[in-house]
Amino acid sequence: MTIVREPMWDDAPRSRTQALSRHLLQFLSTLGWTARILVSSVAAFPSVLLRRSGRADFSAQLYIVGIRTLPVITVVSLFIGMILALQVGLELRRFNQEIYLGAAVMLTLLREMGPFACGISLAACVGSAIAAELGTMKVNDEIAALEIMSISPIRYLAAPRLLALIVMAPILAFYCSVIGTLGGGIVGSTQLNVFFQQYISSALSIADTKDLFVGLLKAGVFGMLIGTVSVAEGFGTKLGATGVGRSTQQSVIVNFLLILMFGYMITRVFYR
Amino acid sequence: MRKKFEVQGSKFKVERGGLSKLIEFRDVVKKFNGVPVLNGVTFSVEKGEVLCVVGPSGTGKSVTLKHLVRLLTPTSGSVIVDGVDVATCSDAELVKLRDRIGYLFQGGALLAWMTVAENVALPLEECTKLPDREIAVRVRHALRAVELVAAADKYPTEISGGMQKRAGLARAVVRESDIVLYDEPTSGLDPVTSITINRLIKKLNKELGITSIVVTHDLQGALAIADRILLLKGGKAVECSTPAEFTQSQNPDVREFLAAMKGETI
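Sequences listed follow chains A and B, in order.
Start counting the first sequence at 1; every next residue gets the next number (our numbering).
Start counting the second sequence at 1; every next residue gets the next number (our numbering).
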């Protein structure tokens, strides 16, 4: 598929109604184009893994997504776990039910907050970087140069990034849940008089395979959304440096919104 | 060789006995937001020819070039490369066509995370099944042609603008393309580097028979390297002639352009 796109209309709109309808059509066209980026990238996954240069790019992206974001994700998930434990623990103490603190924190993290913390961290750290990088390449004619050399930007740039996000997001979400649970344990043992061992046994007693897999699925979907939106925003960049800034901002906003919406929808499907 | 140029407003016919037309623009109109940037451009380029496209800024020179590789498609009219209509051909035909065309962008368009040599090797590594040793030989040969062997292991940000353009040129020709499109290859460069690049374009044309279209503001360079010069003004082709004919032309647009280039006022 072609990445360097022309405007849909050569002439200026003749009326406000026409301008409005063109905006709507443009929006729908962009949605379709983004979906095509996702489908074409997924179709290019085998090519990424089979080619030597593709494997090298994929490994580099795994490092960027998985390792370089670890410090941020660790801090975010640790504090989310601590806040959760504090808020829930204070309420449980009113009913003398602190022993369930571990279960409450673990359940919330596995089902919702682990994938969510992972998703927002990846959208902020990785998604924005992808949009900015590809956007800069677009305005510097590097994407056009690749197309002219018959090197598909989808296979060469989009697919390794998307694949790395889909692979790493569930792993990072699980990591978030573990770190968050530990953070909750620290708060429980230091401020709520819950023994750490008791907290961990309560947490493990509630941990369910379904919760784990739904959480991992959610994270995988978030990874796919972040990759697709960020790549599409980067490839769609126009108007030089201003356009790069706008694409980066837009990718973060759209990713945050989609993470919330899809998070709800997946929960609704699995927990009725 | 018989040459006949007939200029009628924006259109002219070119006939050069014995040579085949490799590239043809047929009454190409390109509008952006209702405003025509190209307004009925017709010209042709013969195999092995160097055509320099000159004209004031905003007259559609780079837009003309982008039509040849379908980065843009015409609002009306057609662009034909070796018998293939670029705007309507299939994706497979487009890939074949692009394989024959090298394109030098204004800024070089080198990938920042790769060294100069890796950038030049990229089209060979990604689009051919050549062994690594053969790729290395071809890359070295291309870098030698643009006098950049010493900078092979440097990154684009570590070399000057002129060197980046030369690296872009090496990448454009490394696949042994028979058509190379140059988008302002000497803009922003000092006179010495400009002369070096112009010499390279001529050398590649003479030694490898590469058909070249050079979009440029450098009139002296165009006069030195072009077989013909095409003047675009207001989205129309107003003159297409040999350098000698161009400088002697009585076309008022050409006189105005030449005077402006010399810093005179009319």
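Hints in this document: simulated from the structure, not taken from any laboratory.
Each residue gets a CB set at the ideal place from its N, CA and C atoms; glycine is no exception.
The reader is advised that the hints may include incorrect statements.
[What the hints assert, rightly or not] In silico lysine-lysine, DSSO-like type, Cα no more than 27 Å apart, as pairs:
| # | chain 1 | residue 1 | chain 2 | residue 2 |
| --- | --- | --- | --- | --- |
| 1 | B | K47 | B | K262 |
| 2 | B | K233 | B | K96 |
| 3 | B | K154 | B | K21 |
| 4 | B | K202 | A | K238 |
| 5 | A | K238 | B | K31 |
| 6 | B | K47 | B | K96 |
[Unchecked claim] Here are the simulated distance ranges between beta carbons:
| # | chain 1 | residue 1 | chain 2 | residue 2 | range |
| --- | --- | --- | --- | --- | --- |
| 7 | A | S47 | B | A260 | 43 to 53 Å |
| 8 | B | D91 | A | W9 | 20 to 30 Å |
| 9 | B | T128 | A | Y63 | 38 to 48 Å |
| 10 | B | M114 | A | Y271 | 26 to 36 Å |
| 11 | B | K129 | A | I186 | 25 to 35 Å |
| 12 | B | K129 | A | S29 | 15 to 25 Å |
[To be verified] Quick partial rundown of chain A residues pointing at chain B, CB under 8 Å, derived from the structure:
| # | residue |
| --- | --- |
| 13 | N140 |
| 14 | A145 |
| 15 | S150 |
Hints, one by one, checked against the model:
1. B:K47 - B:K262: 32 Å, violated
2. B:K233 - B:K96: Roughly 32 Å separates the two Cα atoms, so the pair is violated.
3. B:K154 - B:K21: Outside the cut-off at roughly 40 Å; violated.
4. B:K202 - A:K238: 34 Å, violated
5. A:K238 - B:K31: With a Cα-Cα distance of about 18 Å, the restraint between K238 of chain A and K31 of chain B holds, given a limit of 27 Å.
6. B:K47 - B:K96: 18 Å, holds
7. A:S47 - B:A260: 43 to 53 Å: 51 Å, holds
8. B:D91 - A:W9: 20 to 30 Å: 23 Å, holds
9. B:T128 - A:Y63: 38 to 48 Å: 28 Å, violated
10. B:M114 - A:Y271: 26 to 36 Å: With Cβ atoms ~48 Å apart, the hint is violated.
11. B:K129 - A:I186: 25 to 35 Å: 57 Å, violated
12. B:K129 - A:S29: 15 to 25 Å: 37 Å, violated
13. N140: Holds: closest Cβ of chain B sits about 6 Å from N140 of chain A, inside 8 Å.
14. A145: 4 Å, holds
15. S150: Holds, because the Cβ-Cβ distance from S150 of chain A to chain B comes to roughly 5 Å (cut-off 8 Å).
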